[in-house]
Amino acid sequence: MQRFDAVIVALESGQAVDLSCLPPSPEDGKYDGVTGFILPLPPSAPAVPKDVLEALEQRRAKYAEASSEAKASGDDRKARMHDRIAKQYQSAIRAHKAGKAVNFEELPVPPGFPPIPGQKATGVEQGFIAALQAADKLASTDATELANEEEDDDEKEEEPAPQVAPKKPTLDIPTAGQGKKRTPSPSPDRTSTREGLSLTAVQQLEFLEGRKKQYMKAALQAKQKNEMEQAKIFLRTAKGFDPMIEATRSGKSVDISKVPSPPADEDEDFILVHHSDVQISEKAEQVYTQLVNILKEQYEKCMTHSKQFTHLGNVAETTKFEKMAAGCKRSLEVLKLAQSRGLSPPKHHFEERSFHTVRIFPELSSTDMVVVIIKGMNLPAPNGIQTNDLDAYVKFDFPYPSTEQPQRNKTSVIKNTNSPEYNQSFTLSINRNHRGFRRVVTSKGLKLELLHKGGFLRSDKPIGTALVKLEKLESQSEIREIVEVIDGRKPTGGRVEVKVRLREPLSGQDMQTSTERWLVIDQSQVT
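In case it helps, UniProt numbering puts the sequence shown at residues 1 to 527.
These are calculated hints, taken from the structure and not from any lab test.
List time: in silico DSS-like cross-link candidates among lysine-lysine, alpha-carbon distance up to 25 Å:
1. Lys217 <-> Lys71
2. Lys217 <-> Lys307
3. Lys499 <-> Lys469
4. Lys453 <-> Lys410
5. Lys447 <-> Lys415
6. Lys252 <-> Lys212
7. Lys415 <-> Lys375
8. Lys395 <-> Lys461
9. Lys320 <-> Lys212
10. Lys78 <-> Lys62
11. Lys307 <-> Lys499
12. Lys301 <-> Lys323
13. Lys301 <-> Lys329
14. Lys490 <-> Lys395
15. Lys469 <-> Lys447
16. Lys499 <-> Lys472
17. Lys87 <-> Lys217
18. Lys375 <-> Lys447
19. Lys78 <-> Lys213
20. Lys217 <-> Lys239
21. Lys490 <-> Lys453
22. Lys225 <-> Lys71
23. Lys395 <-> Lys472
24. Lys71 <-> Lys87
25. Lys490 <-> Lys461
26. Lys329 <-> Lys212
27. Lys410 <-> Lys395
28. Lys71 <-> Lys329
29. Lys213 <-> Lys239
30. Lys87 <-> Lys50
31. Lys472 <-> Lys444
32. Lys472 <-> Lys447
33. Lys453 <-> Lys415
34. Lys50 <-> Lys100
35. Lys415 <-> Lys499
36. Lys78 <-> Lys217
37. Lys296 <-> Lys283
38. Lys453 <-> Lys499
39. Lys323 <-> Lys307
40. Lys320 <-> Lys252
From just these sequences and the hints, can you work out the full model?
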């Protein structure tokens, strides 16, 4: 103000004045009289809509613009999210024009937009913004942790990290040792909870906290997609980890076999993005298809092994396979990005990787034993029956809980063949620790009887018998046997194939070591 007063006095006295030294108009910016800097005004909010249709059009255009910006920056996932919301608004616009009722509460609100005319301002906008901020915070935390892990694994020389402009203004407080490598320091509470715990307990605690964080992120992603019911399910699951985390911190043992599997996200189906203006040669398309199929197979294999080790309570192996699965997903993202840009398939190679796996059938309970009658082969026909007229079925007898009260069942009849295929499963009830059951497994086995189904007023005719030995169930969770069909003690030349499966072996674990050719994608070519 003093500067303007001096100029006005000079003008009144007829003196020449240099107007270039004066501050700009308030319409152009805000003048800070203390520092002398010109501070830009925040972007103006969108104009207040005149009616509902204009409000919907404003919001649809905003999300369409956000989708285009995300595509231009290479963030396909965010682009798809904004595109879905834009389509929601497009549907709402069509419904409004047709005179149908529109549920405005289900539509996301862009930050800073005024409420739709005739609708009360609710906390939906604030909740949406809070969810985005929480997701950003989680994402930035994950990025920091991932960067620190990579630095520890690579053990490279320290290099000054490029400074990244913060998204929000923050107060920079200098601390002692500033300028050295900065690592996130654990909070006192988390540090104190780990003191006095065994290495296994610490691993288990980190595993549970990480799995809870995955479900929290999944809940936020579901909320952003307006899938509120799914978001509530994920949130309830995440809160279910709290008792297990507290028990682990207090030194109590926790059965992690009951821990839910990692939540699936929207990219789990690995849908590739194709652009109409991108032309890729037929040969390149074939290479992309082959690479995607191999990576999907590797991903499924890792998740299967991870779930199996989770049921066994082996945290280290569970985490190992989850990290391998995450690597496969990153490689799939690289392929998606390269293909969407019309690039040639990135360089890749195969490595030989050896790892321990365990065979377990978590869908079975500890009291289940599954018998699968697969097929018969070259079964002999009884006297008076032609081979092509054989109508065979299989009965089995498992002498448990006792010989007087065995468990019995039979397959359906397969007509007009001596090589019938059944593929039928039967679940029997067992007690793994019962002495009588262990005696049946080691000495008696599963008895089979094959018969030809008689016609009207004709009895069934025996074909032969077979015995499936079960001793291998002591060390294996599944046995598959092709046993010979005999008539009394005489071999008939026929055979029958049977599988018997437990949740896990009766003694120990069904551990296996496998070496596989593992596909590795060079991710440095696509940025």
